[in-house]
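Undergrad: Per this note's numbering, the very first residue in the sequence shown carries number 15; after that it's consecutive.
If you're looking for bench data, these hints aren't it; they were derived computationally from the structure.
Any given hint could be a false lead.
[What the hints assert, rightly or not] Below are the DSS-like pairs computed for lysine-lysine, each with C-alpha atoms no more than 27 angstroms apart in a straight line:
1. Lys58 with Lys196
2. Lys196 with Lys271
3. Lys271 with Lys89
[To be verified] Restraint-style ranges between C-beta atoms, simulated for each label pair:
4. Leu393 with Pro132: 52 to 60 angstroms
5. Asp365 with Ile181: 44 to 52 angstroms
6. Gln303 with Trp411: 32 to 40 angstroms
7. Val193 with Ala397: 18 to 26 angstroms
8. Gly453 with Leu237: 26 to 34 angstroms
9. Ile286 with Val469: 48 to 56 angstroms
10. Leu393 with Val193: 14 to 22 angstroms
Here the structure is a predicted model, which is why all the values come from computation and not from measurement.
Here a beta-carbon is modelled for each residue, glycine too, at the ideal position from N, C-alpha and C.
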Amino acid sequence: MAEATDSGIGSGTESSVDTDTGRGTDTDTDTGSGNETLQARPRKSSWTYIGPGIVVAATGVGAGDLVATLIAGSKFGYTLMWAAVIGCVVKISLAEAAGRWHLATGRTLFDGWRSLGPWTTVYFAVYVVIWGFIYGATAMSSSALPIVALFPDGPNLKTWAIITGLIGLVFVWFNRYAVFEKVMTVLVGVMFVVVVYVAARVGPDVGASFAGLAPVLPDGSLLYTLGLIGGVGGTITMAAYGYWVNAKGWTNSSWMKVMRLDNRVAYITTGIFVVAMLVVGAELLHSSQLALTKGDRGLIDLGVILEDRYGATTARLFLIGFFATSFSSLIGVWNGVSLMFADFVDRFRRDRAGAADGASEAVGTVVEEVAAGTKERSLPFRAYLLWLTFPPMTLLWLDEPFGLVVVYGVLGAFFMPFLALTLVWLLNSSRTPREWRNGLLSNVMLVAAGLLFVVLCVQQLREIPW
């Protein structure tokens with residue numbers, strides 16, 4: 015996205031890649047002239063490296079996003095197809111910016127936020143605690159819903175929710191990034207095949223699909239349009255992308271081309287998900303004037319409709335895809351946001367220790383620790399895993415406290431504008447090496463995304479039951 019050269023700068027080493035794990039190992043270096051700065055040579059982009067983008071796309075697209083897309087299709091048919099395409103471009107720009115910061119500076123995103131002032135630390139600390147508490151219950155319930163539908167004579171929803179949460183905990187606790195990425199790739203494959211199959215099964219109107227690429231706003235469609243552009247795949251996990259880039263073993267700007275290819279493939283895949291669900295909404299629901307329940311349960315409604323129209327096999331396949339969508343989001347958050355929390359705790363400890371003179375060494379160390387998998391074995395990482403799993407289970411029995419819902423809604427509404435606008439700040443400042451700062455296109459896309467998310471933020475705040 016940025017108009018930058020492809021020459022690598024930064025960490026002083028060129029990292030070769032283990033073809034089995036994808037992690038980098040320091041091998042060859044080039045010595046620069048004058049100050050003997052070591053520069054890593056740029057790598058050719060290759061499909062064999064694809065991984066972190068698939069992880070962030072799978073994590074960001076949850077069951078609720080698919081329901082929102084279905085409802086948009088059911089209300090307006092193919093008319094808002096153009097909004098889905100623009101949404102993918104916005105996400106590509108945001109994720110590219112997050113990944114570019116990590117690779118160009120050798121610093122994590124949280125370290126960048128910290129450099130903007132202590133207010134970012136306070137905001138993140140409050141956000142990540144409250145968000146994790148409520149999201150944990152939401153993710154477990156969402157993963158349990160399709161299992162209950164597939165096995166109605168088995169345990170109830172609460173039991174399955176607890177089981178899925180514990181499975182996610184054990185899986186992320188005992189596995190490093192390489193295994194995590196492989197499992198996420200399988201889940202994405204299941205999601206992709208099932209969603210595209212269902213869209214093909216209902217029979218898309220190709221002519222209407224292309225007509226929907228023309229930017230048109232039907233009456234009453236503004237909020238649905240903004241939601242399609244800003245909502246699908248847009249969560250805190252976009253901020254985790256840079257951490258997954260480092261966990262893959264990409265730690266310097268020599269990986270910039272690879273990261274950009276990885277990011278584009280991921281969000282093109284997301285775009286296909288969104289388009290496929292719009293097709294289902296337009297063909298199956300819009301034409302028949304059928305309505306879905308809002309929230310994750312809307313996909314259960316769709317499963318019933320699919321069974322009535324196309325038989326039990328199609329319905330079961332769809333429920334399997336529903337589970338893959340929900341469970342990939344669960345383990346993605348369990349891993350990615352826990353990495354961010356571990357980085358947050360590490361920064362806080364170093365600040366408290368007053369290690370100002372060692373700050374530059376600490377920055378490089380954190381990136382290398384993420385690449386080596388050290389963070390995934392750390393106490394803060396595992397503590398946040400436990401926080402995501404056990405306290406939220408209480409919400410499976412109790413109504414969510416009113417005040418907590420309000421605070422969660424406020425913080426959640428502000429996060430995406432916070433991400434977009436702080437990336438604009440960081441990537442246009444001296445904190446970023448000149449050749450990797452934002453170009454015109456990046457600035458336009460990030461500012462547009464920030465303004466879009468501000469509008470969505472205001473709307474979400476208006477909908478909160480104060």
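Undergrad: For each hint, tell me whether it holds in the structure or not.
TA: Checked hints:
1. Lys58 with Lys196: 22 angstroms, holds
2. Lys196 with Lys271: Answer holds: lysine 196 to lysine 271 is near 22 angstroms, not above 27 angstroms.
3. Lys271 with Lys89: Roughly 40 angstroms separates the two Cα atoms, so the pair is violated.
4. Leu393 with Pro132: 52 to 60 angstroms: 24 angstroms, violated
5. Asp365 with Ile181: 44 to 52 angstroms: 36 angstroms, violated
6. Gln303 with Trp411: 32 to 40 angstroms: Taking Cβ atoms as reference, glutamine 303 and tryptophan 411 lie about 37 angstroms apart, which means the hint holds.
7. Val193 with Ala397: 18 to 26 angstroms: 21 angstroms, holds
8. Gly453 with Leu237: 26 to 34 angstroms: 32 angstroms, holds
9. Ile286 with Val469: 48 to 56 angstroms: 26 angstroms, violated
10. Leu393 with Val193: 14 to 22 angstroms: The hint (14 to 22 angstroms, Cβ to Cβ) holds, given that leucine 393 and valine 193 are roughly 21 angstroms apart.
Violated hints for the displayed structure, listed by number in ascending order: 3, 4, 5, 9.
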